[in-house]
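Novice: Given next are the chains, with one letter for each unit.
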Amino acid sequence: MNNILNVSPSPHISTPETTRRLMYGVVIALIPALAASVYYFGMGAIIVTLTSVVSCVAVEYLVQKFILKTRPSVKDGSAVVTGLLLAFNVPSNLPIWIIIIGAIISIGVAKMTFGGLGSNPFNPALVGRVFLLISFPVQMTSWPVPSGFRTGYLDAVTGATPLGILSEGVKAGETVASLMEKVPTHMQLFYGYMGGSMGEIAAAALILGGIYMLWKKIISWHIPVSILVSVALFTGILWLADPTKYADPGFHLLTGGIMLGAIFMATDYVTSPMTHKGMIIYGIGIGVITVLIRTWGAYPEGVSFAILIMNAFVPLLNMYIKPKRFGKEVKHG
Amino acid sequence: MFKTFPKGGIHPPENKLTADKPTVILPVPKQVTVPVSQHIGAPATPVVEKGAAVLAGQVIAEAKGFVSTNIHSPVSGKVSKIDTVVDTTGYKQTAVIIDVEGDEWVTTVDRSTALEKEITLTREEIIERCRQCGLVGMGGATFPTHIKLTVPAGKSCDQVIINGVECEPFLTSDHRLMLERGAEVLTGATIIMKALGVERAVVGIEANKPDAISHLTELAREFRGITVQPLKVKYPQGGEKQLIKACTGREVPSGGLPIDVGVVVQNVGTAFAVYEAVQKNKPLVERVVTVAGKSVTNPGNFLVRIGTPVTALIEAAGGMPDDTGKVVNGGPMMGKALAITEVPVTKGTSGILLFPAVAARRAEVLPCIRCGKCSSACAMGLEPWLISVLSEKGMWDQAEKEKITDCMECGACTYTCPAKRPLLDYIRLGKSTVIRMAREKITK
Chain A
1 MNNILNVSPS PHISTPETTR RLMYGVVIAL IPALAASVYY FGMGAIIVTL
51 TSVVSCVAVE YLVQKFILKT RPSVKDGSAV VTGLLLAFNV PSNLPIWIII
101 IGAIISIGVA KMTFGGLGSN PFNPALVGRV FLLISFPVQM TSWPVPSGFR
151 TGYLDAVTGA TPLGILSEGV KAGETVASLM EKVPTHMQLF YGYMGGSMGE
201 IAAAALILGG IYMLWKKIIS WHIPVSILVS VALFTGILWL ADPTKYADPG
251 FHLLTGGIML GAIFMATDYV TSPMTHKGMI IYGIGIGVIT VLIRTWGAYP
301 EGVSFAILIM NAFVPLLNMY IKPKRFGKEV KHG
Chain B
1 MFKTFPKGGI HPPENKLTAD KPTVILPVPK QVTVPVSQHI GAPATPVVEK
51 GAAVLAGQVI AEAKGFVSTN IHSPVSGKVS KIDTVVDTTG YKQTAVIIDV
101 EGDEWVTTVD RSTALEKEIT LTREEIIERC RQCGLVGMGG ATFPTHIKLT
151 VPAGKSCDQV IINGVECEPF LTSDHRLMLE RGAEVLTGAT IIMKALGVER
201 AVVGIEANKP DAISHLTELA REFRGITVQP LKVKYPQGGE KQLIKACTGR
251 EVPSGGLPID VGVVVQNVGT AFAVYEAVQK NKPLVERVVT VAGKSVTNPG
301 NFLVRIGTPV TALIEAAGGM PDDTGKVVNG GPMMGKALAI TEVPVTKGTS
351 GILLFPAVAA RRAEVLPCIR CGKCSSACAM GLEPWLISVL SEKGMWDQAE
401 KEKITDCMEC GACTYTCPAK RPLLDYIRLG KSTVIRMARE KITK
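The listed protein sequences derive, respectively, from chains A and B. Each residue of the first sequence is one higher than the one before, counting from 1 in the working numbering. Each residue of the second sequence is one higher than the one before, counting from 1 in the working numbering.
Incorrect hints may have been included.
Capping the alpha-carbon separation at 20 Å, the derived lysine to aspartate or glutamate pairs in EDC-like fashion look like this [claimed, not checked]: (1) A/277 to B/402; (2) B/336 to B/14; (3) A/324 to B/406; (4) A/322 to B/397; (5) A/322 to B/251; (6) B/280 to B/124; (7) B/3 to B/315; (8) B/420 to A/17; (9) A/322 to B/315; (10) B/7 to B/409; (11) B/21 to B/315; (12) A/324 to B/402; (13) A/245 to A/181; (14) A/324 to B/251; (15) B/234 to A/17; (16) A/322 to A/17; (17) A/322 to B/402; (18) A/75 to B/364; (19) A/322 to B/400; (20) A/324 to B/400; (21) B/336 to B/425.
The set of hints was computed from the structure by calculation and includes no laboratory data.
Kindly generate the complete structure, drawing on both the sequences and the hints.
Specialist: Put into structure tokens, the structure is as follows:
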């Protein structure tokens, strides 16, 4: 009976869920897409992923230890997730030194300068990706084409992405119908048989990961569904208006980074709104901006830009979109 | 048809370890310590002297003012002393300490267990009896019952809700009371209806107590105007505002009381106490307490006299396990941790929970990852992440605008936080500061 009793305010129990478990839940959800990438791109996917994860974790550790002089918190798993997502957003033949630069920008600049986990306004992996896209446009847009498991890395056979073929073709005056002959079928697109960033190609695998995260309650449906629905609606209207100039919604949903973006990038807790209503507005914004860039912008793909632009609106959405309070107004009796 | 409240809520592990343990009557201890403040409001004034002989059921401290209530001796014996003791809240207060001799009761108290259904008292007499008998809300808030039964001028009441939700994990005292004394609980509900002049009462019970739902539904056929409403399991459904929303769809306004939507809520334990006071003239001197915990050898539900030391309850449950690191008075979500177990059971003690040391410590606090799970869990539609930061930074005006005073401190936000942030600690600080500042503004 000589126990020394611990006294603390209620509640005295807590959910078994932790930041770390959530982060590793995302890692598990990324495994199907990673497996698909390895299947399509071979050794390159493995090298890019390992380099990106190791350098993101290392950058976070070094910044915390030697620059911020705080206790390193790499075991929370957030740097691993950023590393994986950065790898998923670059071509599978990207030279190692460029990947390391991407990791330094992602973690060092986009995350740690703002105060680390929870404080960054922009998605770190996307900041890294866009930095690389602007700085190394040649390397960042030479897309290896799927060729079964290969041991080669830098010497991969490259080709244009379906969105690139569409964008160039339409500009050159070709009809969408003839361009569709040059790209894989919708079924092939669904399984990921196309050129593109390492982790964005296999819609089927990404959706599988999304279902896992929904089941584990890591994410809610609001962001992915509102992005996908708004892309489908917007491109659907354009397609119905002029099918010779605009591709069908199925093509838009299955190509480029839309699945990866909607399921894994836009749902990043830190850089997305806190309320369900805010999430839907944010998702619609991403969907609309993506289609605007794809259809009329300088780049064939715009998911990364769309998410980063909407990231900037998140503080505003959090300030003005409030949950419905219980009980209307104070009654003065 | 199972109903529930629409906004927020969580599902902590229920751990109703003692749900099928019949209530055991704990022997009267050798000495009881009866604090004079076991309710919300002014402490009662002791009216017995050291050395005085008292009978069980005799008033030993009288209510002081309207928001206060009488305290009765739970035992017969001699007043050993009137002293300052530490109570379950951890604060010091005056208590009457009585050495027990025999078990003699005041003769006006009917101690038989025969069911008395006929209600002979008038409305006014019922309310006066509840005041005389020292009745308070038994759910834990301990608000004097006679005040809740008095409808304020300008308000009207059309419905009573009897709270049999018991949404706190581990606790089963209300559950056992409904199973074992169901007819008395419903008679108590009928008395409450009469006192308030209403025709309708709903007993809200969560789906994890199917035996209590079917038992009371069966019994309710014999009682006019009483129905049982089964509810989906969700914490904090036992909160008055959530229960009213679940049962009636009415929403108590922010800063308002249940009476503002024509409802009075009473706990099943209170309904039973009302029955005993009105039909048996028995003051509130005993209650059912759940003693439980994962390592407790003999967890159970115990009927104990007020003033019994918590240590005696723990002994009855097989003693304090060696791994114990925290003792909680009440449920794990809203109960208070005890610093010492040499404190008396009071009118508001619904449970004594013993947690192992490994579960007693809080986890390391990590940065907020803005997942929004706290906002989704909040049954009041607040943003705990925001109001806790506003409190942390001392931005009281902002916190007030964000409705910090609507928080009922249910703890769902802190429970659900993956970063283990002490959200409610900061919100409590902010809430009490905002309320204090508002009071100071009025007095100026």
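Novice: Residue 336 of chain B and residue 14 of chain B were given as a pair; does the straight-line alpha-carbon distance stay at or below 20 Å?
Specialist: Within the cut-off at roughly 19 Å; holds.
Novice: Could you grab the alpha-carbon distance between residue 7 of chain B and residue 409 of chain B and see if it respects the 20 Å cut-off?
Specialist: 16 Å, holds
Novice: Verify the proposed pairing of residue 324 of chain A with residue 402 of chain B, using a straight-line Cα cut of 20 Å.
Specialist: 12 Å, holds
Novice: Between the alpha carbons of residue 324 of chain A and residue 400 of chain B, is the straight-line distance 20 Å or under?
Specialist: 16 Å, holds
Novice: Do the alpha carbons of residue 336 of chain B and residue 425 of chain B lie within 20 Å of each other, as the hint requires?
Specialist: Between residue 336 of chain B and residue 425 of chain B the Cα gap is close to 13 Å, so the pair holds against 20 Å.
Novice: Given the hinted pair residue 277 of chain A and residue 402 of chain B, is their alpha-carbon gap at most 20 Å?
Specialist: 18 Å, holds
Novice: Taking only the CA atoms, is the gap from residue 324 of chain A to residue 251 of chain B under or equal to 20 Å?
Specialist: 12 Å, holds
Novice: For a C-alpha distance cap of 20 Å, please report whether residue 322 of chain A and residue 17 of chain A respect it.
Specialist: With Cα atoms ~25 Å apart, residue 322 of chain A and residue 17 of chain A exceed 20 Å; violated.
Novice: Check whether the Cα positions of residue 280 of chain B and residue 124 of chain B lie no farther apart than 20 Å.
Specialist: Roughly 17 Å between the alpha carbons, so the hint for residue 280 of chain B and residue 124 of chain B holds.
Novice: Against the 20 Å threshold, does the CA-CA distance of residue 322 of chain A and residue 251 of chain B hold or violate the hint?
Specialist: Given that 20 Å is the threshold and the Cα spacing comes to 18 Å, the pair holds.
Novice: Take the C-alpha atoms of residue 21 of chain B and residue 315 of chain B, compute the straight-line distance between them, and say whether it is at most 20 Å.
Specialist: 17 Å, holds
Novice: For the pair supplied as a hint, residue 234 of chain B and residue 17 of chain A, is the alpha-carbon distance within the 20 Å limit?
Specialist: 18 Å, holds
Of the numbered hints stated above, those contradicted by the structure are hints 7, 9 and 16, listed in ascending order.
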